[in-house]
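K.L.:
Each chain, written out:
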Amino acid sequence: MAYDFFINLGYLVGAIAFVWGLRLLSSPDTARRGNILAGIGMGLAILSALFTREIAAPSNNYAWILGGMVVGGVVGGFAAKKVKMTDMPQMVSIFNGLGGACAVLLASVELFLMYKGTTAPASNGQLGIILGTVLIGGITFTGSMLAYTKLHGSIWDNTFVLPKHNLINNILLVGLLAFAVYLFILGSAAGTTLGILFLALALIYGASFVIPIGGADMPVVISLLNSFSGLSAAAAGLIYGNNMMLVGGILVGASGTILTVLMCEAMNRSLLNVLIGGFGGGGASAKGADGEQIAKEVSLSDAAIQLFYSQSVVVIPGYGLAVAQAQKIVKEVDDLLSANGVEVRYGIHPVAGRMPGHMNVLLAEADVPYDKLLDLDDANNALKSADFAIIVGANDVVNPAALDDPGSPIYGMPVLEVWNAKHVIVLKRSMNPGYAGIQNPLFFHDKNRMLFGDAKDTMTKLASELKGM
Amino acid sequence: MDTFFVFFDKYLILIYLLIFTIILGFEVISKVPTVLHTPLMSGANAISGVVIIGAILLVRAADPNDYFSLGLGFFGVVLGMTNVIGGFVVTDRMLEMFKKKKK
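Residue numbers (our numbering), protein chains in the order written: chain A, 1 to 469; chain B, 470 to 572.
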């Protein structure tokens with residue numbers, strides 16, 4: 001009696017630890033404790049699973065389990081220690097995929113054992129859950145792997161996009177759902193061949209639905225797949241009637257869903273629009289190209305002097321900063337300015353990096369204290385009273401066309417209103433338009449001065465100028 | 470319709486759990502500041518590693534001669550554990566960077 005009590009207590013405390021751990025993530029000061037707490041909860045849950053008596057006639061096979069845990073633990077631990085912070089989106093993508101893969105594996109085993117007649121035919125509800133888990137787990141797995149290859153740069157956008165790819169995807173999805181219903185009706189009579197076909201279709205659809213999605217939309221896709229990985233864990237939990245898996249999976253599903261919505265809002269696009277793709281098309285009417293507009297330049301030493309004697313500076317980092325590996329040198333400039341009493345803060349757009357919150361992590365890695373990292377609203381407030389806004393490696397997120405040019409493809413997207421600062425300096429390699437290929441009228445704004453050159457190189461020179469003052 | 474009523478009665482507690490967890494999840498996670506969204510995602514990776522429980526139960530229930538279940542179950546444990554350890558460790562690594570405040 002007491003034995004079962006402690007097993008169930010392990011699950012219960014584990015589930016509470018998950019929730020409490022996530023709650024502690026509400027502040028950077030307590031977040032680390034929260035993560036450790038959630039880890040302890042996971043440990044308790046695993047112990048409970050190892051020793052529960054809910055399995056009729058267990059043969060345990062502990063050697064297999066421990067072997068798997070050691071292999072997984074070593075691989076996971078090694079990856080976690082080695083991964084570069086710039087590569088976090090890739091890592092999260094792979095981990096999304098692994099969660100989905102695990103769920104699809106479990107559901108497939110249950111499905112095929114039933115088809116082979118090893119286990120009794122599942123009840124209707126059970127069969128529905130198993131099929132659903134194969135579906136969502138499979139999509140999560142291959143979708144995430146494809147997202148990984150895209151982020152990693154080994155597959156470029158449009159490499160495998162077929163003509164009418166979205167139509168093909170929609171047909172695939174409808175076919176897949178109809179197939180699931182068909183298997184559900186057939187029950188255990190469906191047989192292994194149809195089961196394998198269903199699994200294969202789910203895997204193909206997963207990859208296919210990520211293929212046409214553009215690189216700029218990756219923050220949305222990663223968040224969405226994060227949510228799917230949680231849902232597949234929750235679905236697998238239903239197969240085993242395990243509340244712990246259900247709670248954990250739903251929490252992850254909720255987290256991924258919230259982030260997906262936030263990322264969509266940050267780009268002013270609906271999820272459907274992201275999935276269907278086609279960013280940047282039809283933006284030909286964008287203003288800014290009319291006439292011979294000339295962007296004014298500023299010299300390095302002038303920029304250094306002006307910054308040195310200003311009151312407050314807001315740095316707007318974009319992904320170009322991370323590409324140039326210039327975080328550390330930006331922090332050095334920050335230190336030099338701060339030493340002279342300049343208030344330096346960072347305005348971070350939600351899609352500044354390749355995944356939600358990515359830029360914050362990259363700056364935190366460079367030792368920038370988190371209270372200097374402002375989110376969109378705070379940054380826009382700070383910009384109103386700032387002397388300088390310095391834009392490093394960002395472009396579309398500071399484009400005024402998003403507010404005043406209905407013809408622009410990014411019209412309606414919330415942006416950092418840098419032109420409210422007294423002066424703007426844009427660090428840029430050349431006048432080429434940004435990632436999305438949209439011209440930026442900010443460059444021709446009265447308040448703006450261009451500082452041409454490689455971001456890291458320019459910041460290094462700026463730092464040495466400041467040192468000389 | 471009757472089957473639905475039976476289903477509903479039978480799984481009432483489960484339905485409660487499902488709904489309340491969804492509500493709780495949205496409440497708790499909407500309080501996470503944007504600064505911490507990347508650690509939130511990697512932490513979520515770790516938590517989704519909770520599928521390892523299913524893999525453990527599968528292997529424990531498998532017949533010692535059923536290499537189909539054992540092999541795939543083993544693989545499931547590897548995948549789940551990679552997520553759990555990898556997710557928690559990398560999240561800790563990130564949160565440590567946020568911990569450092571101004572000297």
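Calculated directly from the structure, the hints in this document are not laboratory data. Model, not experiment: these values are computed from the prediction. Virtual Cβ for every residue (Gly too), placed ideally from N, Cα, C. Mixed in with the good hints there might be a few duds.
Said to hold, decoys possible - Here are the computed lysine to aspartate or glutamate pairs in the EDC-like style, where the Cα-Cα straight-line distance is at most 16 Å:
1. B:Lys500 - A:Asp387
2. A:Lys447 - A:Asp375
3. B:Lys568 - A:Asp387
4. A:Lys82 - A:Glu365
5. A:Lys116 - B:Glu496
6. A:Lys467 - A:Glu365
Stated by the list, open to error - Part of the chain A face toward chain B, derived, beta carbon under 10 Å:
7. Tyr11
8. Gly34
9. Trp64
10. Val92
11. Gly191
K.L.:
All the hints need checking, so say for each whether the structure fits it.
P.N.:
Verification of the hints:
Annotation: proposed proximity of B:Lys500 to A:Asp387 is violated, straight-line Cα distance about 32 Å (limit 16 Å). For the hint pairing A:Lys447 with A:Asp375, the CA-to-CA distance comes to about 23 Å; that exceeds 16 Å, so the pair is violated. Using a Cα cut-off of 16 Å, the hinted pair B:Lys568 and A:Asp387 is violated, with the two alpha carbons roughly 30 Å apart. A C-alpha spacing of about 14 Å is found between A:Lys82 and A:Glu365, which places the hinted pair at or below 16 Å, so the restraint holds.
For the suggested pair A:Lys116 and B:Glu496, the alpha carbons sit about 44 Å apart, so the restraint of at most 16 Å is broken. Between the alpha carbons of A:Lys467 and A:Glu365 the distance comes to roughly 23 Å, so the proposed pair goes past 16 Å and is violated. A distance limit of 10 Å between C-beta atoms decides the matter here; for A:Tyr11 the minimum to chain B is near 9 Å, and the interface restraint holds. With its C-beta approaching chain B no nearer than about 8 Å, A:Gly34 sits inside the 10 Å limit, and its interface hint holds.
Evaluation of the A:Trp64 hint against chain B yields a held restraint, the C-beta minimum of about 5 Å falling below 10 Å. Given hint, A:Val92 at the interface with chain B, holds; its Cβ is 5 Å from that chain's nearest Cβ, closer than 10 Å. About 16 Å separates the beta-carbon of A:Gly191 from the nearest beta-carbon of chain B, more than 10 Å, and the hint is not met.
The structure fails hints 1, 2, 3, 5, 6, 11 (numbered hints given earlier, in ascending order).
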